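Visitor: First to last, the sequence lines map onto chains S and G. Sequence positions in the first sequence follow the numbering used here and run 1 to 390. Sequence positions in the second sequence follow the numbering used here and run 1001 to 1587.
None of these hints come from the bench; they were simulated from the model. Since the structure is predicted, the reported quantities are computational estimates derived from the model, not experimental observations. We put the beta carbon where it would ideally sit given N, CA and C, even for glycine. Heads up, a few of these hints could be off.
[To be verified] Okay, derived cross-link-like pairs now, DSS-like style, lysine-lysine, Cα gap no bigger than 27 Å in a straight line:
no. : chain 1 : residue 1 : chain 2 : residue 2
1   : S       : Lys110    : G       : Lys1032
2   : G       : Lys1128   : G       : Lys1019
3   : G       : Lys1391   : G       : Lys1550
4   : S       : Lys20     : S       : Lys7
5   : G       : Lys1574   : G       : Lys1033
6   : S       : Lys110    : G       : Lys1033
7   : G       : Lys1576   : S       : Lys110
8   : G       : Lys1128   : G       : Lys1020
9   : S       : Lys378    : S       : Lys181
[What the hints assert, rightly or not] Among chain S residues calculated to face chain G with C-beta under 10 Å, some are:
no. : residue
10  : Met1
11  : Leu4
12  : Phe93
13  : Ser242
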Amino acid sequence: MERLINKYSRKLVSQKICEKGKPVFGILDDITTWNSGGDEVQILDSVMQRLSINSILFSPAAEPYRSILDYLAEYSTDTNGRIRPDDTETRTFLHDIPVTQNFSASEILKALMQRKGIIIPGCGIVTYGTVSPEQAFVTYSSICFSSFVKFMADYYYHAKGIIPMKGDPDPVFKKAVQWYKESLSSTASSPVIKAPFSSSEDVINSIIETGRLTVESGMVDSFFGNISVRYGDIIYISQTGSSLDELAGCIDPCPIDNSTTNAITASSELSAHKALYSMTERKSILHGHPKFSVTLSMLCDDLSCVNRGQCHIKCSRGRFIEDVPVVPGEIGTGPDSLSRTVPAAMKGRGVIVWGHGLFTAGAEDFTDAYRNLLDIEKMCFNNYLSLVER
Amino acid sequence: MNQYFGWAGRVLKIDLSSKKYEEINPGFTIYKKFIGGRGLAGHYLRPYCHLSWDSPETPLLFFTGPLTGTSSPSSGIMAVMSISPLTGTVSHTYAGGNFGTELKLAGWDGIIITGRSETLCGIRINDKNIEFTEAEQMRGRSIPAIFSALPADGGGAAAGPAAENGVLFSSIGFTGDYSPGRCGLGLVMHAKGLKFIHVKGSGSTAVHNSRDLGSARGDIMRLISASPALTGELGFSEFGTGALYDLICSRRMLPSDNFRKTVFPSAGNLNAWHYKKRYNPVKTGCSGCHILCRQISEDGRAVPEFEAMSHFTALIGNNDIDIVMEANKICSETGMDPVSAASSFACYMEINNLDIRDIDLSRLLTDTAYSKGEGNLLKLGSKKIAESLGKPEASISVKGLELPAYDPRGAYGIALAYATSTRGGCHHQAYPVSHEILRKPAATDRFSFSGKARINKLAEDLNAVIDSLTVCRFIFIAATIEEYTKVFNAVTGSGFTGQDLLIAGERAFYNERMMNGIRGLTFHDDNLPARFFNEPGSSGDGITLPPVPKDEFLNARARYYRIRGLNPEGRPLKEKCIELGLEWNDL
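Looking at chain S on its own, in the form it has when it is part of the complex (with noise of 0.2 Å):
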């Protein structure tokens, strides 16, 4: 379990979440490890021992989340305190993001026995774990993402002047617009392994090395996001919670005709990396949650929308980000599953699920699904920069 806190504390550093030295992560079992003797290890301990968990994380978040956070701690919470991003990952998972004002027991553990992460404008998030710190680093992750998408979602509106943002979001924005731009002038590798594939360790490890890359770009978080080849007729797929860049021995064969269950464990969206095999000759597919691919989808100025607030799974307007279709669609198998849209829609370089998610699709292998991920979540960047120019 130490080893555990200290690779996701590194986790958090390595992808920018948070500056090192300062996640401060404990563990319980009969006793309690910390990776740190700080100050808030006393207030943290206090917590851990009065809730059903065996981990916590605190952590400033860097910048510019913790503008952000603060941002919309202080502007943008709804009459309970919460903040409530549209995205998917908040929809399905997080619901919505409490905000406390005071890094106290007692706070932090009202809002805790709620939700699984918290936000203390001006001090940082809070997040824990029942079996694995890993539970930790991911709400932590998630509540960092969906904090920057709704930053931006809610500029965009506020730049076109159809709902004022309060305060000055200026700032925030600019420093979050500059990071970004840092973040995309250092991505530069591509996939080498290439097709034709000669086995299924050749599959295997390409899928390996996408998945790193694509988190090494900086424009994916490792736990978000799956990956597949179709590889004769089986689909190899990242495993449900696996990480992109952590994909050795967590990959599942999947016959095409079903014929043998073992990969109950795989991604939830296998069936729509398996209808999109079946429509199209593609044979490799690539899912992120790139943010402004992201942003971009949610964006949309008729307010007045027979659909508005159900857009996630009854957008009918057939949008486009210049050649890329916005598709409505949710995570999984449910009725308004986006294995239902999102094959049909990919018929160019790759399709954006509404709040969710960036699918691309390759050839053979990864090198145009990886190059066109990149390419569209920068040009979703560029786009969203021209639209809130003002």
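Given chain S's structure and the hints, the job is docking chain G onto it.
Guide: For chain G alone, coordinates are given in the frame of chain S:
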């Protein structure tokens, strides 16, 4: 007018000796303390927990939860509890189908049955009307035959021929072919002279805030749809729990040859896909459930659950799925737990050096149910079989309950869970399958005890809440207590936090631990069969299965005792009882 939301506010107490009944009103304090289902049943069992399973005073309890009868997802199951004839421990098991919903709609949160009828009898519950009927004419009938004599509408529960013939692992059959099989509670039912219960309700469950319930329900439905294990195209919804067969096989932890091996060479031809191809089953499920994990073949037989599928193949060396279907049907119709039945056979086969070709499985099962020939011994379960034949080590059981189809050498959280479960060798109370195998809510290292003591304790508390709410445990592969707290509050108006519910779960679990303590159980009973410490599993495919490291197991168990609030001998502590608001008895 009913002052309650969620709860009916009434419990039906029946004395079969006098054929009289009374209404008990637990009151808010008890409801909020024990919630319902497993927790509330445990509360009513506790004063009698020192008694023998066949004492007339020992109650047999059927309890619903506060969500039963509402649109809360997967809330259509119910808890059944008593003292187990097989293990001598407190025992609880769970029935799907519609019985619980009908009971709730009839205006009852639960039934407490005590006494003993001189002749076989039945109980008919129609809302508040309670009627006792003769049932001697049903003696010897199969469970489906009993149900065919009862009204088609409503829910039924029945003890079958196996219970009449003293099978220690007798189950209670419920309409819709549901059999809460473990621990032999069918035999308790028969010991009371009770052949069947039929219940029909015409009321409804009051909901405090329907809008909040709808919102919470939407959150849960979204999570169910996002769960590959539940509704993915390879998940329970498509293949039933048999979907686990290939996965457990690929992890090299499929118990084979009475747990002497952990792989079965024929497994590829015996997986859930083959049942689907051969029997073309349709999906069905409990009242109000969208997962629909039950599979019924074209000829009306239930496709076996994973445990039966595995134990009637790998554990006994059978590679014929027609035989598995038939074995499962015999268990269902006569009222026997297929897990204990198959494991008892595997134990018997090992001791007598028998091969699957040496036995006629169907005949042996029938002989067991009707106590004929070798069935006279087999009906006693593996522990007594092995002891009577002088090879106690051949019984792969904990506290006398045969282990399910996950070899503990392949997952150490499961190893610890088997040992500490209050009802014996059972993975369900801590359900480490979720994180060690299915990667939910996050994957853990299955070959490590690190952190597992607390993880298991927390999961036992959580699952005790789930069993008290009487929600299907599988749904928590996708949802969390966070979503169900919202459901609970919307239904009952209680204003609980998730932590409040988890403390109620801890209370329910500790109460069971207390009951077992009163019955004399200690750390000696929280152990694994020696085989797992001394013999390796079947390594291969890059996976090594050494014996479970005993020192690490014992250290993890000692940590578990500290975390659970037990003394080093695994017995409850007075201060912990008081902290949880439970009565203390000197042990």
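Visitor: Look at each hint and say if it fits the structure.
Guide: Going down the list of hints, with the structure as the test:
no., hint, result
1, S:Lys110 with G:Lys1032, "holds (20 Å)"
2, G:Lys1128 with G:Lys1019, "holds (15 Å)"
3, G:Lys1391 with G:Lys1550, "holds (22 Å)"
4, S:Lys20 with S:Lys7, "holds (13 Å)"
5, G:Lys1574 with G:Lys1033, "holds (18 Å)"
6, S:Lys110 with G:Lys1033, "holds (20 Å)"
7, G:Lys1576 with S:Lys110, "holds (24 Å)"
8, G:Lys1128 with G:Lys1020, "holds (14 Å)"
9, S:Lys378 with S:Lys181, "holds (9 Å)"
10, Met1, "holds (4 Å)"
11, Leu4, "holds (8 Å)"
12, Phe93, "holds (8 Å)"
13, Ser242, "holds (8 Å)"
In terms of the numbered hints stated before, the structure departs from none.
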